[in-house]
Amino acid sequence: MRLCTGRVAIVHMNADAPIFVQKRESAHFLSQDELAPPAATFTQIIAESVAAARFFFERGWPKVSWKRLVRRLIQIALVLLGISFITFALVMLSPGDPVRQMIAGNEDIIVSQQELDALRAELGLDKPFIFQYFGWLGRALRGNLGFSYTVKAPVIEQLMISLVPTLYLSLAATVFMLAVSLPLGVYSAVKQNSLFDWFTSSITFMGISIPNFWMGLMLLWTFGLKLKWLPIVGGSMSFRNIIMPALTLGIVMASKYTRQVRAAVLEELHQDYVTGARARGMTERYILWKEVLPNAMLPLITLLGLSFGSLLGGSAVVEIVFSWPGLGYLAVESIIYRDFQLVQGIVLWIALMYMVINLAVDISYTALDPRLRKAGH
Amino acid sequence: MENLWNGLKHNRAFQVMSLLVLLLVLVAVFAPELTPYNPLRARMRDAFQAPSAAHWFGTDKLGRDCFSRILYGARYSLTSVLVLVTVIFIVGTSLGVVAGYFGGFADTVIMRTSDMMISFPGMILAIAVAGILGGSLVNAMIALTIVTWTKYARLARSMVLKIKKRDFVEAAIVCGGRPLHILISHILPNILPLMVITAASDIGAMMMELAGLSFLGFGSQPPAPEWGLMLNEGRQQFQSAPWLMAFPGLAIFITVVIFNRWGDALRDVLDPRQES
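Going line by line, the protein sequences match chains A and B.
Under the working numbering, think of the first position of the first sequence as 1, with each following residue one higher.
Under the working numbering, think of the first position of the second sequence as 1001, with each following residue one higher.
Because the hints were derived from the structure by calculation, they are not lab data.
If you're wondering where the values come from, they're calculated on a predicted model, not measured in any experiment.
Wrong hints could be hidden among the right ones.
[What the hints assert, rightly or not] Chain B regions said to be covered by chain A (calculated; three or more residues, Cβ under 8 angstroms):
(1) 1023–1035
(2) 1095–1109
(3) 1124–1131
(4) 1250–1256
[To be verified] A partial selection of chain A residues facing chain B, derived with a Cβ cut-off under 8 angstroms:
(5) L93
(6) W221
(7) Q271
(8) T275
(9) G309
(10) V332
(11) A351
All residues carry an ideal CB built from backbone N, CA and C; glycine is no exception.
The task is simple: from the sequences and hints, build the whole structure.
Written out as structure tokens, the structure reads:
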């Protein structure tokens, strides 16, 4: 992706004279083909990504980032430690007896006290809080997050299984979001204050005010029940099953992201270099595709990472509506059945995912921004 | 305050939105007078009636009138969301002010905690907290307070740090003003407008999250006529009685739209940066 701010082009434009573009280092003639924006951009994106990748392999990592990376990793570890402590303390505070629940489930079965005590001792739940916590921590550090009695499997195993549907759903929702938001956001920024802009902003405003579970239910009712286009009962991860949950999440996210795209593009459009380019007679199309959009991409990548990360936690309600067997569904189920080992595992797992994604976004940001790239060495 | 009054007089959007908010509050206050039925009384004979002249929004599985329940629901939703936002506002702002003004150990503890809370998705923690503590409206509010106060603390802290450097605060310190006095009469008045704006624009989002927790069964418990909970109950009959989930959702949607718009208008009216 070309994200070079420094490449200011100077164009002398006469009706029939060739277009002369002068870059800082060198000058060359741009053919009409190169100016034709949409077709050229895609190949250019690929070319630039390849260039960025090559940059990594050839020159290695900028020196400053190593320090930052280590610091971030330590930070992640600390946050996980804090979260595990909080959830552990909450479990202790919670009403009800997990041991009784383990034996009797949600039913009113009479369990003898000896039986309860025996199981409690076996699970180490009779020890003081801090001992229990460090015991758990020690096991967790060795990769053992405990055993879930509801799914009858080690917690870590279930986490891996449930992660796949959530990632799949998040990815589908993100693809939908990008497909809708980018064109809408860019176009409404270009046509600022037009009818189209007004229309988009009203729609997106409604989109951010709709509770996503309600939208899910309405979609389910319309497309599943009335029109019978899509299956109502989920369970499997087929393409037809993912459409509605992905739409539900995607519409809300797209509403937010469209506004962000619009704002980012507008900000670039108001920069001096755009005025300069216009003054030199460059076409609006050229300015938009070759100058404005590449620059607007940087903040948008960060926001994209953030919204993808928030999907991991935020999709719980939608997963419940559509019986989508992901992490959010698992979280709600395990809370209802008071399977606290599993709850704790899920919270930590999602936190870890979220922070790793954010870290990845920051890294790609450093790699893509020429200014930061330069600062690196 | 003066800005607020000016806004009410001159800003058309703010006038309209304030009127709508007032209307919502009035509906909540006068729900007993406006509703034709008792929202909690079951009449099994009337169960699952479609919307009609007698029951505008239909009836639910126990024959309770949906329209009455939604009007009463405004009481639950508005009260709980206003209490929630106020609590978050007070907790977050005071922690932020303490961190910013006194610095040192308090600052480190508060801000590191807030760093931790901000670095992962709040909703999943809210679900876990509300669920583990046991489903109830109060627990859901506690959960949302735990995950949201950081935003206010950060904002308040950064503003206090800025204001602390200004001359009038220095002067007050030199004159021997006590910290409490300086905080109340010099710092708070300067940070409050922006904090209030933030709180006002958060009402809509908080309402959706509260409703979401209730929808999952971790908020209000039956038979409360809370909108999120009504959606949860209506979901089970959504094939036979779609009105049970259409209207509560619509109520949430409309209320959130009104509060979001009102928050935007309030920002225009109060934000000092917009004037210049």
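Here is what the structure says about each hint:
no.: 1; hint: 1023–1035; verdict: violated (count 0)
no.: 2; hint: 1095–1109; verdict: violated (count 0)
no.: 3; hint: 1124–1131; verdict: holds (count 6)
no.: 4; hint: 1250–1256; verdict: holds (count 3)
no.: 5; hint: L93; verdict: holds (7 angstroms)
no.: 6; hint: W221; verdict: holds (6 angstroms)
no.: 7; hint: Q271; verdict: violated (21 angstroms)
no.: 8; hint: T275; verdict: violated (23 angstroms)
no.: 9; hint: G309; verdict: holds (7 angstroms)
no.: 10; hint: V332; verdict: holds (6 angstroms)
no.: 11; hint: A351; verdict: holds (4 angstroms)
The structure fails to meet hints 1, 2, 7, 8 from the earlier list, while all remaining hints are met.
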